[in-house]
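Protein chains: 2
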Amino acid sequence: MSKMESERLFVKTLTKTLKRTLCEEINENDKGLEFNLKGWVMHYRDHGSLIFIDLRDYSGTIQIVFDETISPQSFKTAKKIRNEFVVSVLGVVRIRPSGTENPHLKTGKIEIEARSVELLNDCETLPFQIEEEKEAGVNELMRLKYRYLDLRRKKLKENIIFRSNFTFSIRNFLQKKGFFDIETPFLTKSTPEGSRDFLVPSRLNIGSFYALPQSPQLFKQILMVSGFERYYQIVRCFRDEDLRADRQPEFTQLDMEMSFVNKDDILSLTEELLSGVFGELLNIKLNLPFPRLNYDDAMDTYGSDKPDTRFEMTLKKLSHIFVNSSFNLFKDTITGGGEVKGICLKTGSNLLSRKDIDELVSFAKEFGAKGLAWTKVGENKTFDGGISKFISIGERSNLINELNAENGDMIFYQADLKRIANAVLGKLRVHLAKKFNLIPKSKFNFLWVVNFPLFEYSEEEKKIVSVHHPFTSPKLSDIDILISDPLKARSESYDFVLNGEEIGGGSIRIHKKELQEQIFKILKITPENARLKFGFLLDALSFGAPPHGGIAFGIDRILMLLRNENSIRDVIAFPKTQKAYCPLTDTPSKIESMQLREVGISLLKK
Amino acid sequence: MSKMESERLFVKTLTKTLKRTLCEEINENDKGLEFNLKGWVMHYRDHGSLIFIDLRDYSGTIQIVFDETISPQSFKTAKKIRNEFVVSVLGVVRIRPSGTENPHLKTGKIEIEARSVELLNDCETLPFQIEEEKEAGVNELMRLKYRYLDLRRKKLKENIIFRSNFTFSIRNFLQKKGFFDIETPFLTKSTPEGSRDFLVPSRLNIGSFYALPQSPQLFKQILMVSGFERYYQIVRCFRDEDLRADRQPEFTQLDMEMSFVNKDDILSLTEELLSGVFGELLNIKLNLPFPRLNYDDAMDTYGSDKPDTRFEMTLKKLSHIFVNSSFNLFKDTITGGGEVKGICLKTGSNLLSRKDIDELVSFAKEFGAKGLAWTKVGENKTFDGGISKFISIGERSNLINELNAENGDMIFYQADLKRIANAVLGKLRVHLAKKFNLIPKSKFNFLWVVNFPLFEYSEEEKKIVSVHHPFTSPKLSDIDILISDPLKARSESYDFVLNGEEIGGGSIRIHKKELQEQIFKILKITPENARLKFGFLLDALSFGAPPHGGIAFGIDRILMLLRNENSIRDVIAFPKTQKAYCPLTDTPSKIESMQLREVGISLLKK
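Residue numbers (my numbering), protein chains in the order written: chain A, 1243 to 1848; chain B, 1243 to 1848.
With the rest of the complex left out, here is chain A:
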């Protein structure tokens, strides 16, 4: 290799130790001082005998001027510069000429007059522009394939930096509260969180498999039995789901567990944690305590166990109005044990076209509705369109009172089993609010949903299943009905909701072996199966397990909401697509058959 070649392959500054300054560390007071700046070139502008660039490093940007008359050598080198080249510049701070300041830039009043410049690396033609703040026009697959370029965008970069500060702020709080950060295994046993496990074949134990954890649930309980009393971990978890929604196969969880606490202790601590972090990072003061809604009330009022309370349009019970109605559809539903419920869209008559309404009917049917009845509200308590003709004058008056309806509003009805009516109207409520921008963007509405049922009946599995997981403690007051009427029993669990998204949840756990066995029995998990899957937990509960409980938060989802993003992919440095694929590394990928043989497996023929 020639000397010239080797120099081209190498960077001379590698062994220099010039002190380097960050762009935004410099201000007007530094006028006349010389600095060394290093970073990436944005906005290269050639004005004849002057060349301007904006230099970007992780702190921000600053303008650099190359002046042929001041430093011909630098100017000559600068001629070769293109966007996103990496450069090291030595230059002197000067105040920008009047009228040329850039008010959008923190360093907009100054610029650097270059005295020397070194090209540290060049850059090929970009597949897309980095400067444009909006991703509009750039395909997300392209963005993910060139993630290193995408991450240079201001918004994405700030999201990732915020994430770092966010998790550190949480750690700082918990550390001060006496929590211990304890690592749990990744190569572990299947945990029964209701999703599919990712499997890892074992080479040293051919025919056996590890599973990647869906959560550290059992280990954190074991840690309580060990006597650590206050555990936390910010930890990756894995679920092999069909990624229909905005989910990732691997996601990050803040995981906590405490001994000798009750539900209120955990809720208060969480509130204190959140308000501390909000104050520190966002300078937002949260009102404590957050509202606590009963599960039943949340379903009745919002049709959801993760209600978005940033807007009204709540669900109203209308059965009492229609109990003697001449509209048979409603009356029969009520007689048959169902309910009639409704919501009122303010000014809906004007907002919705006939086509819109048809779409809403289809929307409702997607969520199990038989149809979607509606009426427009006119002047003087008149009704118009939809099922208006079936509704008597007296009923109209009652409806208008119940729903606070006014001229121009629109009412939607569901007559069905309470469960279905709630679910459909709950979905419709959110759908309408999004469609008509009824949701204030800057609000952070945190709330708790409590008193969930312990069990539910799974139509799919044709048996009783846990609403949360089988280690959730029933409420003390409902212990007596566990066997006689299990679906009525409520649990000591709590979901944490922000702006209509579930961002966390937890429970007081069962800490008595007998009760845990009882729950397995109700869930029709045979003693043999219980032993096979959870034997070590049952053993642990029999060796002095303290009362304990905990909570876990979805870090990705919280960050998405805090950063006002629409996708969790925008708060994750290296996310996967909805097909669990990474376009950057082309992962997952084929592997050599030798690797499969080593772990004792083979591919199934298609």
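Each hint should be verified, as a subset may be incorrect.
Intra- or inter-copy, both count: the list cannot distinguish identical chains.
Said to hold, decoys possible - Straight-line C-alpha distance at most 25 Å; calculated DSS-like pairs for lysine-lysine:
(1) 1322 / 1730
(2) 1548 / 1419
(3) 1588 / 1704
(4) 1730 / 1397
(5) 1832 / 1847
(6) 1397 / 1573
(7) 1397 / 1351
(8) 1623 / 1754
(9) 1261 / 1754
(10) 1418 / 1348
(11) 1573 / 1660
(12) 1348 / 1419
Derived from the structure by calculation, the hints contain no laboratory data.
Keep in mind the model is a prediction, meaning the values are calculated, not measured.
With chain A held as given, fit chain B onto it using these hints.
This is chain B only, laid out in the frame that chain A set:
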């Protein structure tokens, strides 16, 4: 279920909110005050009308007295208590009667006079005693199976708590230094760190596989290309190795990467980090900077690239003494291009029996020696035994000078290729030091080994391979010999050594695509293969990659050394055995064939 049964299954205090105090929060000044304590029972002692227990929580222990005359009800309940029961005690602080203080206990001057007590949970007969501080006699498999009991031991508990403080202290330092904690994927592509990957079959992309990361190497380089400049992560890594040594299939790494830095920047920052953490957690002041040894010097002087400098017994070159020797074995080795080297074990003549010496010969042969020559040093520069009769009086005198030998010492010789002589004497040096307790336990000898070769010849693969990894930058001064004499080229890498163990290492990386391609070529990685495996890195290097470098530390190993443990299993909450097996959860384990079918694989027939 009857009311009584349900009460037995449940704990009444669950919903109580009595403020609870920790054992070691209480002292003599609290005399007469009432507290609620919760924890585990140690040392239950029944003295007739008095029952004593030591109550343990995570803060420590305190003595509780149940006095039949003071609280008959508590006394009655206390009668049912056994070791490791979980209890809640309400009691009053009193000063212990003179002569009954326990000087070993922080709370040894006081005790709690119980007024009421509640049994929160009971405990079956323990498989082993928790109180005994030494694990002697308890099989490690038993300890791991009942890990929740093992973790109640003081030493193990303190290790895990120290670990939490240790990693937090690191984070705190790096956060202040402007580092960003950025998460990288776990479901990713195979990285070429020289070990086997753990594989994860993909269900959504049948026939394709993820690999668990051996390190976030490529992602952290990508983050530098993205412009984050200062990255860190405390992250789990995975290697599917044959676990002959004290290794775990999953281990934790402190991973760092920086842009626009040189080697010295990284070394200084590491030293500052370590000395900060040592000061904060151990109150130990480390002398900075740590010594920097050239790889060649480390091998010549200590026969190891991870020298333990806590003791002397260094390797000496003796070839010049034997160059004209009448001892043909030595002379011929030197003539043939080999070397004669030796070490001197102080007072070795008295320490070693004939049988010991035979064992040492076998030991040396294990590491490739043809044999192990030795001589005892007697009075007046006489030699005795071994190869003494082949050594002339002049040679003896020179040897004694060279090795600082005295009457009673023992000299061991190796005549072989320099590489082999160094390796054998290096191993022997450490072996002898351990055997005869020559290593001061309380010393922390940190050092750097620098100027490693870039490549080495692999006898196994019959080709040149990277000493570290293929992204390591060569030294600027050695660029010219990369092709002409690659095995002479040195790298910009550094290993970090504590007390003879490699606890970290890193390098300045290649940031130019052309140089990276050049290295792949030397390593005989075809352009097609390079593209397949590292295409995204090569692409990234061509889009404005800054000069960058980094380092990674093995957290488990550092903690083992700091805590003076012999196994990393003692600083990990839930370790696996040497067969990568977890006795607690019985993992890895068989899974249902349906799970295999879902991911498109089947077990190979044996």
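We went through each hint and held it up to the structure:
no. : hint        : result
1   : 1322 / 1730 : neither (75 Å within a copy, 36 Å between copies)
2   : 1548 / 1419 : neither (29 Å within a copy, 40 Å between copies)
3   : 1588 / 1704 : neither (42 Å within a copy, 79 Å between copies)
4   : 1730 / 1397 : neither (48 Å within a copy, 46 Å between copies)
5   : 1832 / 1847 : both (15 Å within a copy, 22 Å between copies)
6   : 1397 / 1573 : neither (55 Å within a copy, 71 Å between copies)
7   : 1397 / 1351 : within (23 Å within a copy, 60 Å between copies)
8   : 1623 / 1754 : neither (60 Å within a copy, 76 Å between copies)
9   : 1261 / 1754 : between (62 Å within a copy, 23 Å between copies)
10  : 1418 / 1348 : between (35 Å within a copy, 22 Å between copies)
11  : 1573 / 1660 : within (14 Å within a copy, 99 Å between copies)
12  : 1348 / 1419 : between (38 Å within a copy, 22 Å between copies)
Hint check: violations occur at hints 1, 2, 3, 4, 6 and 8; the rest are consistent with the structure.
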